[in-house]
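Undergrad: Here is what each chain is made of, one letter per residue.
There are 4 protein chains.
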Amino acid sequence: MGSSTGRIFRVTTWGESHGATVGAVIEGCPPGLALDVAAIQAELDRRRPGQSAIVTPRKEADRIEVLSGVFEGVTLGTPIALMVRNKDADPRAYAPFADKYRPSHADYTTEARYGLRDWRGGGRASARETVGRVAAGAIARQVLTHVGVEIIAWVDQVGDIGAAVESTGVTRPAVEANIVRCPDPAAAAAMEALIRAVRKDGDTIGGIVKAVARGVPAGWGDPVFDKLEGDLAKAMLSLPAAKGFTSGSGFGSVGMRGSEHNDRFINEGGAIRTASNRSGGIQGGISNGMPVEISVAFKPVATIFQAQETVNRAGEAVPLKPRGRHDPCVLPRAVPIVEAAMAMVLCDHWLRTPRRL
Amino acid sequence: MGSSTGRIFRVTTWGESHGATVGAVIEGCPPGLALDVAAIQAELDRRRPGQSAIVTPRKEADRIEVLSGVFEGVTLGTPIALMVRNKDADPRAYAPFADKYRPSHADYTTEARYGLRDWRGGGRASARETVGRVAAGAIARQVLTHVGVEIIAWVDQVGDIGAAVESTGVTRPAVEANIVRCPDPAAAAAMEALIRAVRKDGDTIGGIVKAVARGVPAGWGDPVFDKLEGDLAKAMLSLPAAKGFTSGSGFGSVGMRGSEHNDRFINEGGAIRTASNRSGGIQGGISNGMPVEISVAFKPVATIFQAQETVNRAGEAVPLKPRGRHDPCVLPRAVPIVEAAMAMVLCDHWLRTPRRL
Amino acid sequence: MGSSTGRIFRVTTWGESHGATVGAVIEGCPPGLALDVAAIQAELDRRRPGQSAIVTPRKEADRIEVLSGVFEGVTLGTPIALMVRNKDADPRAYAPFADKYRPSHADYTTEARYGLRDWRGGGRASARETVGRVAAGAIARQVLTHVGVEIIAWVDQVGDIGAAVESTGVTRPAVEANIVRCPDPAAAAAMEALIRAVRKDGDTIGGIVKAVARGVPAGWGDPVFDKLEGDLAKAMLSLPAAKGFTSGSGFGSVGMRGSEHNDRFINEGGAIRTASNRSGGIQGGISNGMPVEISVAFKPVATIFQAQETVNRAGEAVPLKPRGRHDPCVLPRAVPIVEAAMAMVLCDHWLRTPRRL
Amino acid sequence: MGSSTGRIFRVTTWGESHGATVGAVIEGCPPGLALDVAAIQAELDRRRPGQSAIVTPRKEADRIEVLSGVFEGVTLGTPIALMVRNKDADPRAYAPFADKYRPSHADYTTEARYGLRDWRGGGRASARETVGRVAAGAIARQVLTHVGVEIIAWVDQVGDIGAAVESTGVTRPAVEANIVRCPDPAAAAAMEALIRAVRKDGDTIGGIVKAVARGVPAGWGDPVFDKLEGDLAKAMLSLPAAKGFTSGSGFGSVGMRGSEHNDRFINEGGAIRTASNRSGGIQGGISNGMPVEISVAFKPVATIFQAQETVNRAGEAVPLKPRGRHDPCVLPRAVPIVEAAMAMVLCDHWLRTPRRL
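Chain order of the listed sequences is Y, R, E and S.
Under the working numbering, the first residue of the first sequence carries the number 1, and numbering increases by one thereafter.
Under the working numbering, the first residue of the second sequence carries the number 1, and numbering increases by one thereafter.
Under the working numbering, the first residue of the third sequence carries the number 1, and numbering increases by one thereafter.
Under the working numbering, the first residue of the fourth sequence carries the number 1, and numbering increases by one thereafter.
Same shape as in the complex, but just chain Y:
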């Protein structure tokens, strides 16, 4: 279990990092969508390794193939299967670690759960699994566009360097204007320099991605166990390297009083809005028509090019110095992944809106 998500817009991904393929099946995509395959490819290109000087050099064209569910360019309402063939899989770099547990990786825990593992590049625990998420999310995004929802994520912090931007004004071009995907150009330059310096040390660094969904109407999200921020939190904490999630005011709310925090309702030209948005667009787990705003904390990548100590399957202490190709900082590539994850959740919740009598 674990490789599926969503109730109605239901996505199942498959594929190991260095296996033959990675892919996804999407069930429950509404029929009648003129599917833009180039737009799916464009999202994969944003996620792709080798896209810039500050990401992993693994060479994958990541060309998407649509295997089913589309007829004459239009979705049928049947399962849409999407596949990418792995081209630059190079398991040789991993052979020395076949029986060693890399620190802060899933090697040990995968064996504890399944009794065996594909040691070539982390198997399913590799960030390569997110190819399927990004492809599926790109379809979710196309569905959402029909109902007027726009999703934008960006790198808001790398290490201690934060961006100075207001979420309301961030645009896709501003995010894509630099290879860090930070819409604050000055901060972006500093972040890039930090990432380059960290990589030079054979080290890695964490950061924060922020995301906003604009145009979500009031009424999306189930109460109680399937609150909208609950599903967003799960989607984000299920991304590789994610360690924290906030909705709206987040941890900043802790020090506030109710009289400061409450979002006052107002009538804005006939529409009910809130004067502030500390709720992050969600109240009682249901969207209130304001922008949905979240943050995700990513830890530094576990693979560092420095000597470390660990143990092997036999429990013996062994030295370890990773090879392979890795990102010094996941943040730039995490942006399209966060957007995809957010799109899947929102699309599913739209489709879960109850029918009234």
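Hints are computed from structural coordinates only; laboratory data are not their basis.
Certain hints may be false.
Because identical chains cannot be distinguished in the list, a pair is counted as satisfied if it fits within a single copy or across any two copies.
Calculated cross-link-like contacts (lysine to aspartate or glutamate; reagent style DMTMM-like; alpha-carbon spacing at most 20 Å) [what the hints assert, rightly or not]:
no.	residue 1	residue 2
1	K200	E260
2	K87	E72
3	K87	E65
4	K87	D203
5	K321	E260
6	K321	D90
7	K321	D203
Just so you know, these numbers come straight off a predicted model, no measurement behind them.
For chain Y, the structure is supplied; the task is to place chains R, E and S on it using the hints.
TA: Just chains R, E and S, lined up with the frame of chain Y:
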């Protein structure tokens, strides 16, 4: 949808804040458990309104009734239904707001989703819904005890006042030693004073609950979409007033380098452990045998006893001054709720461990 | 698992035959339904033991209590919990069999699965569990009435005595005109005589229930694994004592040629219909606008008042002569149960109709 | 929805009859299985068109490709994706019917549900979709072999010609000894002659498949809504052209008395068995250790090569004479499909066996 959670240990709650009853059905509880009903009641007592001078004075004995699933004191493996009758429901306090949207409550969003709402006390969005969670979580906890897992949560911060405790040493008696449920006595006293002061102002305040699960063996948690921290994040963000979640190093990981953050594997008397626990007991979404550690941020309660402005169903600006009985700070009562939510997730993931050939 | 059914209109039942209560929680009932509680009670009365001279004399008033989900008489879209307290539970009759496996009952298999069982009256395997289904089905029926769907079931055969009726003309009053619930009065009289004779012998007898749903529009039912007849088949084969299911022409289709069996499409006053209905209203798993027609075979009740041989928990051969109160023929009481099961499936499939772009 | 089945051993199929590929993803396959890909291919070969003189001549090699989930020949416990590329898709034969509704096909109902359809060969409603089921079922069968379960199906009736065999003695070689897959050689010869005669008439004919699962231990199957025969019934009624299902004594039970029908428990060399098996190996929805026995009725194939009348999308009466390549009788190819469906259900129920404390 939204009122059920879990795959195998599956909990469904029912009941409105001021309706006849609140309750839960638990499917998938293993057969053969000698059910300790008094222990369920004890958890409800920790959650109960009116338990101390710093919580809501609503008077509810919250006596649990076991409706099914137990024979001669032992679970049958069939659904266990649990119910509490609401006694002190007082809808009159809410009548003046029947058509007004209380700021930062779920009134407006519930109507947007369902077209109507039970205006008496927030309906399902009320914290009263957590009676079912706590009862179900108390059963999950009894199951977990069988496999050696202990769960402890505590109030780690109220407003700007933080506790100075190490998660490894926190005990249940230390938590229960004061009405704030903070194991640092000095901090607890300051927190209590703050809560009293805030209440005097007709205001409310937020805070942070931390929780740890000790004794979780390596191998719990599904990879990809149902990672253990993903399900914990969802469980916590689905609690009323929750705004943020972290696992292990959380947002603190952002500023760290991989060489600082990685948890080195060691052999400790034949057992594989990690020398540090920045992973919070979870790697690749699967438990690694170290304590599972999380934090949850709670915003200040939305109901304040101060005049506010809002709009009504017709979109007209109207004044609002809440009545009813409310907590100035949810934190003390959130402790057993967080524990229950954590227990449900862990119990379900234990039962999801794959069978090997 | 096993005590829940449905994807959107999701029903979970609880309760053992001789436990404290039996009940159900319904999630996903659309908001805004003016719930007719008397109509729920009326269906329970049709299912009730002691209702006539040819059913079990167990005395249960089966008064339904609505525990949640309804406000001012209208459904909120939140879980509706329904409960009946068991009044005439008499476990003493079962004590002699506490360690014996009654032939063709679930005693042995329940122990094989769970390691223990509630031996008082069959626990969850008792037909008493269907109280929850009938209550939930009565709500599903009210939802379906809103969209113009009418469901009628009747006893079509008892032993070798068949009714001579066309499904198109059967009405509820004709079904309720006699205690057998067979709309052919002559056959009904013969069936009643047979049931009385069989009971006199301390024996039991099987039969067939037919059911039709009129007014189902074209387009309900998912293809592939969740075909409408697949879900109906599962719902029916999950009823106690059911051994067979057919849709439309059923086993009669086996001897036919395609040229005889095919249902020709015609234009009937602007509406697309079929000239015949051997498909039973379902083609490719999806309703086609014609009446949905099914049959269910029920075996004779396993409890007979004759001496039988069996084994006990220790595997020793032991004699067994059941006591307790039992039906000589489940058919008359199966009619409202089949209707309820059909209503739940149809209501759920209506709510699963995909949203189009 | 509808393209997934199973709770733990969960199968999702994709692909249209004349699209690029058909395939399946299997989640929840236990780790550690040495996957026999040749055995999967062998099952596909039994299902393959063009395999004999009495089935459709569509030429499809149906070569299976394993896309993920297997490492060094062993299952990882991760999703196993399997794919077959469609080679002999010939949509031209269907172009004349692009806007006509073929009688007793899913053309009309698919459009009613989705608003559009892939008219090339029936899309998802085509029997070609069962490629994915057979591939997934072949894996389920390998898992079941580990626990000693053997599944055998055969053609028991074609038109009015029935086989004279006892289910206990049927072997795979006897089934595969002729192209009809009927283990009674004399009946098989008569069936083959009938199928050839029917095809000569441009017509089709129905029949019955029987299946038995031997070696299922007592205790598989969930009570109430997910009874073993309920899930088997759903799996079978979700196969193309299925119209009826029975478990054990089936419709034959209707005319029996309880004293005739009950299966007496006996102690057979220390094992608890039943002296007869009218229960078909299932009591109260749970296996009892006896062979699980079912029957499935298949209607005659809807595509006949005779002139028929129907209506088109505009509702106009139009003549129709199908072309394309079709089976005169699905029965011979239904045998591996029924086995696959049964294997999936049993494998899933094995994995659902509750953990005891």
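Undergrad: Decide, hint by hint, whether the structure agrees.
TA: Results of checking the hints against the structure:
{"no.": "1", "hint": "K200 with E260", "verdict": "between (45 Å within a copy, 16 Å between copies)"}
{"no.": "2", "hint": "K87 with E72", "verdict": "between (29 Å within a copy, 19 Å between copies)"}
{"no.": "3", "hint": "K87 with E65", "verdict": "both (14 Å within a copy, 17 Å between copies)"}
{"no.": "4", "hint": "K87 with D203", "verdict": "neither (27 Å within a copy, 50 Å between copies)"}
{"no.": "5", "hint": "K321 with E260", "verdict": "between (51 Å within a copy, 16 Å between copies)"}
{"no.": "6", "hint": "K321 with D90", "verdict": "within (17 Å within a copy, 55 Å between copies)"}
{"no.": "7", "hint": "K321 with D203", "verdict": "within (12 Å within a copy, 55 Å between copies)"}
This entry does not satisfy hint 4, going by the numbered hints stated previously; all others are met.
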